[in-house]
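> Sequence:
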Amino acid sequence: MTAIVSCRGVERTYRQGSTETPALYDIDVDIQEGDFATLAGPSGSGKTTLLNAIGGLERPSKGKIVVDGETTTELGKNALANLRLHKIGFVFQSFNLMPVLSAAENVEFTLALLGVPTRERRARACEVLGEVGLAGLERRRPSKLSGGQQQRVAVARALGPKPKIVLADEPTASLDSKSADSLISLMAELNEKRGVTFLIATHDPRVMERVKRNIVMKDGRIISDERRQAATRV
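Using the numbering used here, the first residue of the sequence shown is number 17, and each one after it goes up by one.
Hints should not be assumed to be uniformly reliable.
[Unchecked claim] Cut-off 30 angstroms, straight-line C-alpha distance, at most; resulting in silico cross-link-like pairs (DSSO-like, lysine-lysine):
no., residue 1, residue 2
1, Lys-160, Lys-93
2, Lys-103, Lys-209
3, Lys-80, Lys-103
4, Lys-160, Lys-194
5, Lys-234, Lys-78
6, Lys-93, Lys-103
7, Lys-178, Lys-160
8, Lys-180, Lys-80
9, Lys-180, Lys-78
10, Lys-103, Lys-234
11, Lys-80, Lys-93
12, Lys-178, Lys-209
13, Lys-80, Lys-234
14, Lys-78, Lys-93
15, Lys-178, Lys-228
16, Lys-209, Lys-180
17, Lys-194, Lys-180
18, Lys-228, Lys-209
19, Lys-180, Lys-228
20, Lys-80, Lys-160
21, Lys-228, Lys-160
22, Lys-209, Lys-93
23, Lys-103, Lys-78
24, Lys-93, Lys-178
25, Lys-209, Lys-78
26, Lys-194, Lys-209
27, Lys-228, Lys-194
28, Lys-178, Lys-194
Hints listed in this document are in silico derivations from the structure and should not be mistaken for laboratory results.
The task is simple: from the sequences and hints, build the whole structure.
Spelled out as structure tokens, the structure:
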């Protein structure tokens, strides 16, 4: 199997004045192509910090991170932004959709940054919105969509550029139980049928029950890494 992400000796310490607060300790982990995995653990365990470090949203204090063959910890600001744009999809707890744009326009926005021609990006936006179950809702703005639908738009936006990996930070936290279950099923289907690689930071047991791999964190360390047969639901 091919490692999309490789972390070696990754540490993160936050400094405020003379005070140092360690958040990650000596993290070694690989995320393989086709993984459907969680970074699981309670609040303060370091899972979001590690996810952000992998996504290049913050730099580790020490160690090395490689994403699809590029050592992100050695890249400058512009090169890192370019890698995020081309190779990493993000799904956030708070959706982070642009309220003045329609569902399709939110998906198109990233494609426009990549220089995809108008006709092609519109077609791609409609395609991925259909994949996430939102066909017919392309012109609706976020305020006219339910929370679950907004998160599906966020997933579609992440999938638009065909990234190597999708990083999701607590994607079910703002959803009701029905919407959360629906979103998890969607991600599982995208992984199983389309081979999308997901790494999900979560403390939601419903997510942990459905994935193929649980990487459990506590106090900034990985304490277990278990591969399992993902649960399926009809």
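> Quick check: which numbered hints come out false for this structure?
1, 20, 21, 22 and 25
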